[in-house]
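**Student:** Sequence:
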Amino acid sequence: SRRPALDHSALGLVECRSLALGALVADGMLKTAGVHLLLAAPVSPGKLLVAIQGGVAEVEAALEKGLALCEDQLEDALFLPRVHPAVGQALLAPLPETGVEAMGVVETATVAASLRAADASLKSARVELLSIRLGAGIGGKAVYHLAGEIADVEAAVQAGVSAVRIPELLLCSVVLARPHPDYARYM
Numbered sequence: 222s223r224r225p226a227l228d229h230s231a232l233g234l235v236e237c238r239s240l241a242l243g244a245l246v247a248d249g250m251l252k253t254a255g256v257h258l259l260l261a262a263p264v265s266p267g268k269l270l271v272a273i274q275g276g277v278a279e280v281e282a283a284l285e286k287g288l289a290l291c292e293d294q295l296e297d298a299l300f301l302p303r304v305h306p307a308v309g310q311a312l313l314a315p316l317p318e319t320g321v322e323a324m325g326v327v328e329t330a331t332v333a334a335s336l337r338a339a340d341a342s343l344k345s346a347r348v349e350l351l352s353i354r355l356g357a358g359i360g361g362k363a364v365y366h367l368a369g370e371i372a373d374v375e376a377a378v379q380a381g382v383s384a385v386r387i388p389e390l391l392l393c394s395v396v397l398a399r400p401h402p403d404y405a406r407y408m
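Going from the sequence shown to my numbering is simple: count from 1 and add 221.
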């Protein structure tokens with residue numbers, strides 16, 4: 222099946238601590254409103270991530286349903302109206318490698334915190350989102366990489382850090398001036 226075009230204005234995400242309950246959450250969210258499923262993936266330690274995209278009212282309604290179904294198994298959740306288009310694109314496919322003057326890296330304890338931070342970063346400065354890794358294989362944490370001019374990357378990383386609402390969810394942030402070209406292969 223064809224992936225949906227990402228011209229929608231909102232993104233919603235639920236991180237459920239139960240894989241089985243997470244399946245119910247995903248199904249309920251999709252049946253509640255006309256939203257598109259971007260991601261439904263298990264991550265360590267046994268959580269299910271469910272990310273949707275669509276119109277603001279539709280995502281808000283679907284997210285409300287997902288939160289009700291998740292009950293006390295909710296790890297974190299996110300509602301991003303007017304989300305930057307690159308955030309949804311990053312959930313679907315990696316962006317091509319590019320040489321960069323500076324790279325910013327922001328690591329968070331939850332996927333929702335990382336998506337919120339990445340959205341703020343992209344809206345704050347002229348940077349490119351190189352990659353975003355969500356939970357799988359990294360203990361349920363999330364990390365994203367930005368590229369651009371040094372001043373823009375510094376401003377974007379600071380905006381991302383400021384967007385993490387719970388300080389304990391921000392694990393680390395760094396700015397790499399003139400990163401080694403081989404590093405792009407690692408990402």
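Think of the hints as simulated: they come from the structure by calculation, not from any bench.
None of the values given here were measured: they were computed from a predicted structure.
Heads up, some of the hints might be wrong.
As the list claims (entries may be wrong) - The list that follows gives simulated cross-link-like pairs (lysine to aspartate or glutamate, DMTMM-like), each with its CA atoms no further than 20 angstroms apart:
#	residue 1	residue 2
1	LYS344	GLU370
2	LYS252	GLU279
3	LYS344	GLU285
4	LYS344	ASP293
5	LYS252	GLU281
6	LYS344	GLU389
7	LYS286	GLU328
8	LYS286	GLU322
9	LYS344	GLU328
As the list claims (entries may be wrong) - Derived Cβ-Cβ restraints for the label pairs, each shown as a range:
#	residue 1	residue 2	range
10	LEU258	ARG347	27 to 33 angstroms
11	ALA398	ALA278	23 to 29 angstroms
12	GLY267	ALA398	22 to 28 angstroms
13	LEU245	LEU313	20 to 26 angstroms
14	LYS252	ALA372	43 to 49 angstroms
15	ASP293	ASP248	35 to 41 angstroms
16	VAL395	LYS344	28 to 34 angstroms
17	CYS393	ARG303	23 to 29 angstroms
Glycine included, C-beta positions come from ideal geometry on N, C-alpha and C.
**Student:** With reference to the structure, classify each hint as holding or not holding.
**Tutor:** Structure-based check of all given hints:
no., hint, in the structure
1, LYS344 / GLU370, "holds (15 angstroms)"
2, LYS252 / GLU279, "holds (11 angstroms)"
3, LYS344 / GLU285, "violated (25 angstroms)"
4, LYS344 / ASP293, "violated (33 angstroms)"
5, LYS252 / GLU281, "holds (13 angstroms)"
6, LYS344 / GLU389, "violated (23 angstroms)"
7, LYS286 / GLU328, "violated (29 angstroms)"
8, LYS286 / GLU322, "violated (43 angstroms)"
9, LYS344 / GLU328, "holds (18 angstroms)"
10, LEU258 / ARG347: 27 to 33 angstroms, "holds (31 angstroms)"
11, ALA398 / ALA278: 23 to 29 angstroms, "violated (43 angstroms)"
12, GLY267 / ALA398: 22 to 28 angstroms, "violated (39 angstroms)"
13, LEU245 / LEU313: 20 to 26 angstroms, "holds (24 angstroms)"
14, LYS252 / ALA372: 43 to 49 angstroms, "holds (46 angstroms)"
15, ASP293 / ASP248: 35 to 41 angstroms, "violated (19 angstroms)"
16, VAL395 / LYS344: 28 to 34 angstroms, "violated (20 angstroms)"
17, CYS393 / ARG303: 23 to 29 angstroms, "holds (27 angstroms)"
Of the numbered hints stated above, those contradicted by the structure are hints 3, 4, 6, 7, 8, 11, 12, 15 and 16, listed in ascending order.
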